[in-house]
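Q: Mind docking chain B on chain A? Use the hints.
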Amino acid sequence: KAGVTQTPRYLIKTRGQQVTLSCSPISGHRSVSWYQQTPGQGLQFLFEYFSETQRNKGNFPGRFSGRQFSNSRSEMNVSTLELGDSALYLCASSVPSSTDTQYFGPGTRLTVL
Amino acid sequence: TQLLEQSPQFLSIQEGENLTVYCNSSSVFSSLQWYRQEPGEGPVLLVTVVTGGEVKKLKRLTFQFGDARKDSSLHITAAQPGDTGLYLCAGISGSARQLTFGSGTQLTVLP
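Note that the protein sequences, when read in sequence, are chains A and B.
Take the first sequence: its letters are residues 914 to 1026, numbered as in my numbering.
Take the second sequence: its letters are residues 101 to 211, numbered as in my numbering.
If you're looking for bench data, these hints aren't it; they were derived computationally from the structure.
Hints are supplied without guarantee of correctness; some may be wrong.
As the list claims (entries may be wrong) - Only some residues are given here: those of chain A computed to face chain B with a beta carbon under 7 Å:
#  : residue
1  : Gly955
2  : Leu956
3  : Phe958
4  : Asn969
5  : Leu1003
6  : Asp1013
7  : Thr1014
8  : Gly1018
9  : Pro1019
10 : Gly1020
For every residue, glycine included, the Cβ atom is placed at its ideal position computed from N, Cα and C.
So here's chain A without its partners, still in its complex pose:
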């Protein structure tokens, strides 16, 4: 079974631009979560989508948004990029159960100049 894939793997943008990242979950997984990882703040939860609906949201500004399609693929969008948005953005998929096991993709490395 193929793992979680994320595209692109690397991205360079300038301040003020917007960016869209894509995540394809493991086949059969309906839950997709997004995380931001930085050296200073570690891994922080952005949001979770399940069956095309945002189920949970972390403490990030409204510039960060996402969506999920009927095939469970998900995208996240960051508008008006700031230097502090430079980070590794990780996507994880899971089949919700009593003890959730999340499978992470390799991440998208975003650099904002």
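A: Just chain B now, kept in the frame of chain A:
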């Protein structure tokens, strides 16, 4: 906000040595997970502990969940260079089952 503090933040040891990584919180979690992340990759789940006081062994790795379900430890026996990586603990809580990650421990095992 639930916080998970990991210690130490950095650890560099020689091959064959033993080590313990700690994960502490003031909050109670319904379960706790440990992940390992290598450069250029996402975290990979190592274990999930659910019951207070639970001990799980995975070859040379021993994981323990505190009795009060607020803390956990990871002990590695006879560390090998292949154990090098970023070790992350993550607590699961609430009906939302949201993961809260610890600050991470960067382990380097020197040959």
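Q: For each hint given before, does the structure comply? Return the numbers of the non-compliant ones in rising order.
A: none
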